[in-house]
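Visitor: Given next are the chains, with one letter for each unit.
Protein chains: 2
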Amino acid sequence: MSPRKAENELTRGMIMDAARELFVKNGYQHVSMRQIAKELQCSHGAIYYHFKNKAELFYTIVEEDFRSLDELLQTILDKEMPKREKLMEIFLGYIEFGLQHQSQYEIMFLIKDEEVRSYLHQSPNVSYERFASAVYGLCEGKASIGQIWTVFLSLHGFVTHYCRSGQTYDDVKDLAMVHARFIVKGLLD
Amino acid sequence: MSPRKAENELTRGMIMDAARELFVKNGYQHVSMRQIAKELQCSHGAIYYHFKNKAELFYTIVEEDFRSLDELLQTILDKEMPKREKLMEIFLGYIEFGLQHQSQYEIMFLIKDEEVRSYLHQSPNVSYERFASAVYGLCEGKASIGQIWTVFLSLHGFVTHYCRSGQTYDDVKDLAMVHARFIVKGLLD
DNA sequence: TACATTATTGACCGATGGTTAATTAATAAG
DNA sequence: CTTATTAATTAACCATCGGTCAATAATGTA
Chain V
0 MSPRKAENEL
10 TRGMIMDAAR
20 ELFVKNGYQH
30 VSMRQIAKEL
40 QCSHGAIYYH
50 FKNKAELFYT
60 IVEEDFRSLD
70 ELLQTILDKE
80 MPKREKLMEI
90 FLGYIEFGLQ
100 HQSQYEIMFL
110 IKDEEVRSYL
120 HQSPNVSYER
130 FASAVYGLCE
140 GKASIGQIWT
150 VFLSLHGFVT
160 HYCRSGQTYD
170 DVKDLAMVHA
180 RFIVKGLLD
Chain X
0 MSPRKAENEL
10 TRGMIMDAAR
20 ELFVKNGYQH
30 VSMRQIAKEL
40 QCSHGAIYYH
50 FKNKAELFYT
60 IVEEDFRSLD
70 ELLQTILDKE
80 MPKREKLMEI
90 FLGYIEFGLQ
100 HQSQYEIMFL
110 IKDEEVRSYL
120 HQSPNVSYER
130 FASAVYGLCE
140 GKASIGQIWT
150 VFLSLHGFVT
160 HYCRSGQTYD
170 DVKDLAMVHA
180 RFIVKGLLD
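Residue numbers (numbering that gives the first Met the number 0), protein chains in the order written: chain V, 0 to 188; chain X, 0 to 188.
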């Protein structure tokens, strides 16, 4: 019975960080508000002071993370390097993002759950369009729209599989390189 | 109060069929024994007479489905045709199987649940090993182990995506051809 | 110090779900 | 017909979960 630890106040950021870690590790459905609270060493009721409900907490995290995907893509595009290497970086970056935000990725591209889905609008489409037009530009007409789609599906397969097996990007870094090289080769040569 | 409907006895097969459909539609965690029972128009307790628990029911389904995938692969391998075409057939066959047996495929490769996956350690690996060694043999040393894995993941991405959007194999036959050709080309040329 | 505001607690609710145990009906065997 | 076995029903148990809320402690402020 010692409410309010002054030196250790609860913030939205703290909640999001703890929640993100749990969501990534266990998936949306397997994380309860009580678990998050336990991680933060606060009561689960406290979280509801900062977020309306579980879905809103999750959606806030997803939005933040997808902003970082946009930044990542832009960062790579702004670099000075050969286009072929840029493609490699984009593909690897996409895989890395997918694996480091597994729960989010799942929501965007895999999950059927209507309750959660209703929170998103066209984010997946927008995300793909950004990706596709970047790749298209870097191929200088060598690749068709259909081929870029094929490329996306191949990356998607990689991410999907390792999302399911729950491994980290570092665990599969080498395999990701092989995968990306295979795709770049098929695209440009 | 009318236990035991004689003319409509409950069998393991009936339970598995109903459960498979629900598992695929909603995912392991989102399907309750009560839902399955409702679908079968029996009591949920009845299922426990035929299966020890939910996980065992699920595991039994998965095992059965893996067997049918293995059979498909063997059928193709037994055919008489050039190796390049055989590769195409395997890839297209894999996609076709995935899309025409979406239920099985999703159970086998898409479900993430830890509790469940602890039940099936070998099945997916064994199934993949069959696929990989078949492809390896057909490439005559041109492909590395890593590349074959890459190929598998690319196919996986295709199937996964179109499983989600619920299209039939016929709907995406042409795209599947593009995809498979892309892969074969990267593998052999 | 007294007061108002803010943050946190912990009990509680209704729902759901896995699982088990007691019980009852249908069927087969003798 | 009687009895044993099998297969199913029903209800109850227990845990968990999302979410709410009144009570209350910590803090800033006047």
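Do not rely on the hints blindly, as some may be mistaken.
A pair counts as met if it fits within one copy or between any two copies, since identical chains are not told apart.
Said to hold, decoys possible - The calculated lysine-lysine pairs, modelled on DSSO-like cross-linking and capped at a C-alpha distance of 27 Å, are:
(1) K53 <-> K85
(2) K37 <-> K78
(3) K141 <-> K184
(4) K172 <-> K85
(5) K24 <-> K53
(6) K82 <-> K172
If you're looking for bench data, these hints aren't it; they were derived computationally from the structure.
Visitor: Would you mind marking each hint as holding or not holding in the structure?
Guide: Hints, one by one, checked against the model:
1. Neither within a single protomer nor between protomers do K53 and K85 lie at most 27 Å apart by alpha-carbon distance, with minima of 38 Å and 48 Å respectively.
2. For the homomeric pair K37 and K78, neither the shortest alpha-carbon distance inside one copy (42 Å) nor that between copies (58 Å) is at most 27 Å.
3. For the identical chains of this complex, K141 and K184 are neighbours both inside a copy (12 Å) and across copies (15 Å), given an alpha-carbon limit of 27 Å.
4. When the C-alpha separation of K172 and K85 is checked against a cutoff of 27 Å, the pair qualifies only within one copy, where the shortest distance is 17 Å, while the shortest distance between copies is 31 Å.
5. In the homo-oligomer, the alpha carbons of K24 and K53 lie at most 27 Å apart both inside one protomer (16 Å) and across protomers (23 Å), since each shortest distance falls under that limit.
6. When the C-alpha separation of K82 and K172 is checked against a cutoff of 27 Å, the pair qualifies only within one copy, where the shortest distance is 21 Å, while the shortest distance between copies is 31 Å.
Taken one by one, the earlier hints fail for this structure at numbers 1, 2, listed in ascending order.
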